[in-house]
Amino acid sequence: MTQKRIIFAGTPEFSVNCLAAILQSNHTVCAVYTQPDRQAGRGRKLHASPIKELALQHNIPIYQPKTLKTPEAQAELQALQADMMIVVAYGLLLPKAVLDAPRLGCVNVHASILPRWRGAAPIQRALLAGDAATGITLMKMDVGLDTGDMLKIATTDILPTDTGQSLHDRLAQLGANLLAEQLDQLENLPATPQDHEQATYAAKLEKSESLLNWQDDAISLDRKIRAFNPWPGTQVNLFDQTLRIWEAKIIEMETTAMPATILRSQRDGIDVATGNGVLRLLKIQKAGGRVLSVADFLNGHPELIKH
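Taking this note's numbering, the leading residue of the sequence shown gets 1, the next gets one more, and so forth.
The set of hints was computed from the structure by calculation and includes no laboratory data.
A portion of the hints provided could be inaccurate.
List of simulated lysine to any residue pairs, SDA-like, C-alpha gap at most 25 Å [as the list claims (entries may be wrong)]:
| # | residue 1 | residue 2 |
| --- | --- | --- |
| 1 | Lys-152 | Ile-219 |
| 2 | Lys-96 | Glu-206 |
| 3 | Lys-66 | Pro-115 |
| 4 | Lys-66 | Ile-113 |
| 5 | Lys-204 | Pro-190 |
| 6 | Lys-66 | Ala-203 |
| 7 | Lys-152 | Met-84 |
| 8 | Lys-69 | Gln-57 |
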């Protein structure tokens, strides 16, 4: 096995396990690329990305360009003389000059079974679509959006109880495991072109998508509640107020009631008619309040109990 000089590019929590896996290998992380620090919280203080925090712990040189399109940024990266660049949810486009800089090219750890769900939000879009399974694809990067040749795939079932968070965490570990297994021979893996005709696009999540429409069927609403947990969350108008919905389940019963009709409101759940089927709300949150079980919510509003 030849030891490689690796540039790691990543930003959010999803990337952390992969960087940790490389740090535990015999290869050298010569630099970490991550997005610039962002303002967050009430004080709008600058916060480092999770990847920057891990890199600081290991005294790895950190680069945070706003773009990689400038000649200066490209020359800086080329000067590192890396053998390979591993990219995991970095968030910046890599121009051809950057893709060509490492001797063995750039490999992406992508959270879907390509060519399904190219783009920014593959985890949540797989949940929304009701996919039975998803996974991780190790992909040789090219100038397209997740269009490169596939090197290796690992799969996992999507469980009926999975949320955006639980699936994120499982895929983050699956990606790290797959990367660790293949790291020594990444450059020798056979490359399989994607079937571009089968590609689907995982658009970035928007806050404007968070409103639930009771005209939709119970299955779709349940998927959305789970997919958008923890961000951007889902919300509805119910009891003449806006409530965020954090957990629900489908109730096997038929109803002719109009969508949005509250059929029953008890401590074990609030049953609401949908466009097809009934959804029982289990965990909700008032504006500015804590996430509550329906039992706790109704304890504060006994007038809303309905048999």
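Here is what the structure says about each hint:
1. Lys-152 to Ile-219: violated (32 Å)
2. Lys-96 to Glu-206: violated (29 Å)
3. Lys-66 to Pro-115: violated (28 Å)
4. Lys-66 to Ile-113: violated (29 Å)
5. Lys-204 to Pro-190: violated (31 Å)
6. Lys-66 to Ala-203: holds (22 Å)
7. Lys-152 to Met-84: Holds. Lys-152 to Met-84 sits at ~17 Å (cutoff 25 Å).
8. Lys-69 to Gln-57: Violated, at roughly 29 Å.
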